[in-house]
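Visitor: Sequence:
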Amino acid sequence: MINRAFIKLALLCALSICMITARRLEPVVYDIEQTEFAQQLQHAIKMRDDLSATTNKQQPPQASTPCSSPSSRWLKSIIADVSEEDLTTFFDNHLHVLPFVYKLHVAPRQYDQEYFGLDGEYTQEITSVHNQAQEFWSDSGVRDEIYLLSAHGSDLADRHDKLVPTLELLFRNTYDSDYTVYDHAADIQELITRLPGGYNFPLLTFNAFATDEMDDEEDDSSIIIGDGYFQFQQALGMDSEGPEYAHAHEFSHHLQFLLGVSDTQSGIAQVAKKSELLADAFSAYFLAHDQGGNMVSDEISNVHSVAFSLGDCVKSSAGHHGTPIQRRCATVWGAELADDREDMDKIDLFEFQNRFDTWFETVDDLSDSCQHLHSAAASRSYRILSFQVMTLLIGGFSVLL
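Heads up: the sequence shown begins at 1 in our numbering, then just goes up one per residue.
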């Protein structure tokens, strides 16, 4: 999720050094770097570096933890095919940000020409679920005009009209006659040709997020999904309901904008996780509801699996977005809420949030079956105690008789 501060560029410099040349290129920082997928990517890189350091010291790797993240495993498999030097250059030059900066800040607004997936194979599905979501949440106060945007690595192949203007915006006044923006663009394109898949390399566009510009009439609220997300779902065999979940999840962040929920608050360790889990719950509620996505049980089961695949295991990180089990359980809770309604009316957003807040209080105490461990244990203890009491009572009556 990106709040309204995302579009307004923060005039702060990144600490990284562009390794393509010996020059320092100081990019403008974008909140894209703080999105869920970008942080997962950073964690995957750190894990690879940590493993490499451990191997070099000839020490056995640490034992695996019970938490296992499908997205982290996929990311590590992707970066395994890239040299360390190219990977460093990739991130120091923010290549995973460039397609999104281009689409949001450089590209002309041509919403009717947007396509989703490398070959547009998900366009109809994304457009359809978007229309359903707009209608389903229309009485909640969400904006009527939330636009769909797509991010493609192939846009970076157009050096003059797309890549150069994007670099000029991102790196601003860093260039001079010794190293021009065209030199930088040529170096970036040369790097991309060395990546597996070239301009279709998944990490160029592995991201999806919502943007909110309610205070600025010149900018649009949007949902943007990169090709890399769809490639990730394809690799895991989850591209049947994966695209619908991705859209519903990001649309849910627009509901959170209305509620005043943000994952960019500071000083609250659980905020990012709570924001993502609430979006998971909202999305599953919509997809399972008869008036929403109207998914059948098998489809909802796939949604649970997709949510599970996006969880991360870096619980110590301030940007932790929930473990795989917590992500899945949030969608289970949301879908069950849609099924439990006695009538066809949609639940009020604030009532939904209040119920979620209660559920979230014990989110760190969930079993694999999404039951609260202490509650389940207490329930079992109560049943055992009740049985013992009944046994004593029956025994007492037997003595009296």
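These are computed hints drawn from the structure, not numbers from a lab.
Please note that the accuracy of each hint is not assured.
Okay, the calculated beta carbon distance ranges per label pair [unchecked claim]: (1) E351 to Y182: 51 to 59 Å; (2) E168 to E351: 24 to 32 Å; (3) S154 to D92: 53 to 61 Å; (4) E168 to N131: 20 to 28 Å; (5) E145 to G260: 19 to 27 Å.
Predicted, not measured: the structure shown is a model, and the values here were computed from it.
Just so it is clear, CB atoms sit at the ideal spot from N, CA and C, and this is done for glycine as well.
Visitor: Can you let me know if the beta-carbon spacing of S154 and D92 is within 53 to 61 Å?
Guide: Since S154 and D92 have Cβ atoms about 22 Å apart, the given range 53 to 61 Å is violated.
Visitor: Using the beta carbons of E351 and Y182, state whether their distance is inside 51 to 59 Å or not.
Guide: holds, 56 Å
Visitor: Per the hint of 24 to 32 Å, is the separation of the Cβ atoms of E168 and E351 within bounds?
Guide: Check failed, 48 Å falls outside 24 to 32 Å.
Visitor: With respect to the beta-carbon atoms only, verify the hint that E145 and G260 lie 19 to 27 Å apart.
Guide: With a Cβ separation near 21 Å, E145 and G260 satisfy 19 to 27 Å, so the hint holds.
Visitor: A range of 20 to 28 Å was offered for this pair. Does it hold for the Cβ distance of E168 and N131?
Guide: violated, 36 Å
Of the numbered hints given earlier, the model fails hints 2, 3 and 4; all others are met.
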